Amino acid sequence: MTRPTWGGKAAIVGIGQTEFSKHAGRTELQLACESITAALADAGLSPADVDGLASYTVDPVEETELVRSVGFDAVNFSARIPYGGGGSMGTIYAAALAIASGAAEVVVVYRAIRARSGSRFGGAKVAPTPTSGHSGTTALQWCMPFGVVTPASWMAFNAVRYMHTYGVESADFGRAVVQFREYAAGNPASYFHERPITLDDHQASRWIVEPCIRLFDCCQETDGSVALVLASAARAADLPHPPVLVEAGGVASLFEAEIASDHYLPDLAVMNASLVLAEHLFGEFGLTRDDIDVGLIYDAFSPIFLMQLEGLGFCGRGEAKDFIAAGNLALDGRLPCNTNGGLIGEGYIHGLNLATEATRQLRGTAIHQVAGAQHALVSASRTGVILGRA
Amino acid sequence: MADAARPAPILTDDNAVFWEAAREHRLVAQQCGSCGRLRHPPRPMCPHCRSLAIDVVELSGRGTVYSFSIIHYPPTPFFDYPVLAVLVDLDEGIRLVSNLVDVDPASIDGTSLVGARVTVDWVAADSGAELPVFRLTGSDAS
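Those protein sequence lines, which keep their order, are chains A and B. Residue numbers for the first sequence follow the working numbering, so the first one is 24 and each next one is one higher. Residue numbers for the second sequence follow the working numbering, so the first one is 346 and each next one is one higher.
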């Protein structure tokens, strides 16, 4: 296979975010404007420098409204990646491709969301007509009449088959959650700042979907926004922060994939998307798992965190529970993960806040800094990137 | 009991073949008119051979629980909670999202429901729709 030529040619040069809350009190469009201008200021750039935008589906912000609000006047590249939050890292991948090819010079990646005060992300999706929105057409058409109407319930079939196949129990998921909440407790930006939990707390939290997802296994429903600014590695060298290179990226295309589930794939005891993503990330760019110093792995629900660890190959099938119990997610472990608290602990900006944390880790400015971190893998399940310190 | 009828399935030109048969309590799948492979959910083209020729075949209604879940929250007016949802691998090789009825979710130990043999039955939904659900094989009416 020919090695892609774009790896390492684009860099994250700015990050910005709003506060993470349960009631922002302003529109997604305003939240996006705030995080984007903060990210541009962080990069030492202005809206006039921006010629590209990349987002992903289930975006309440129309690109045209964003352009006329922030005052972009030269956007000639834009992309919108499928899969909802699973596509969040596809934005960085697309931005890096655009920059490496010369199609764009400065690309802004963003997400603004009111997942608590607006349309609740954990709420039931019952609609009278097909929609390309939140739940995807497959889930609405073939799950809704049977009461399978929430993201937790769409993903639960995979989680239960995984538990059945490998003897995984709720407490095994809980050990990951306890670590994320410990990270979140030390992160002032997180919703669960100074609110760690014990495994007993996790086990006492009520069922959302039994026997796999308790309340504390679920990510937050968050109001807020994050944005990242990307530019060429050459231009990044002249900007204020150490560049964070996009070393590798990919999209996991799966036959029969849905937005938030894979109900029709033969084997649901493994995260099929992670197998394909790992082939891209570790097969094409000369990077190995041993190169990864920190993981930011999409924890919409804790079971899919364990399943991605296995699918990406950081441990064997069915071994994530032992990998976690051995303390490997901690700062001194084999693969510190979700050091901002993850989507479960910091908040759920539809996955994109995993990329801002990866950027802080590689700048050396994370609150829970992994000493000497050179490479971070960010997995949104269906899309992913490896970022590297320049 | 639930406060409102189960939501009717969303009908499209591509999926109507399944739900129209369901109204007559017939469980069907598309079969490619060229290569003969079954597929579900329905779609206009055979993903294996690109044929647009479609036959419709009736299925046995017998299968095995591949996975399941017991959905507690958030409650909606349309269902009795908790909802016992199943993924059923039908003997013909088609997988369906459905419900298991007449089983008390509280009686299920761990993941022990995986592998159970089940047989199709039917429940009413809104607007005269009928939905395929499943009972444990050997229980009443199966």
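Keep in mind that the hints were calculated from the coordinates and are not lab data. Predicted model only: the values in this text are computed from it and were never measured. Just so you know, even glycine gets a beta-carbon here, dropped at the ideal spot from N, CA and C. Please note that a few of the clues may not be correct.
Unchecked claim - Not the full set, but computed from the structure, chain B residues with beta-carbon under 10 Å of chain A:
| # | residue |
| --- | --- |
| 1 | Ser379 |
| 2 | Val402 |
| 3 | Ile416 |
| 4 | Val478 |
As the list claims (entries may be wrong) - Among chain A residues calculated to face chain B with C-beta under 7 Å, some are:
| # | residue |
| --- | --- |
| 5 | Ala147 |
| 6 | Ala227 |
| 7 | Trp230 |
To see whether the hints hold, each was checked on the structure:
1. Ser379: Given a least distance of 19 Å, the restraint on Ser379 (chain B) is violated.
2. Val402: violated, 18 Å
3. Ile416: Holds - the Cβ of Ile416 (chain B) comes within 10 Å of chain A, reaching about 5 Å at its closest.
4. Val478: holds, 8 Å
5. Ala147: holds, 5 Å
6. Ala227: violated, 15 Å
7. Trp230: holds, 5 Å
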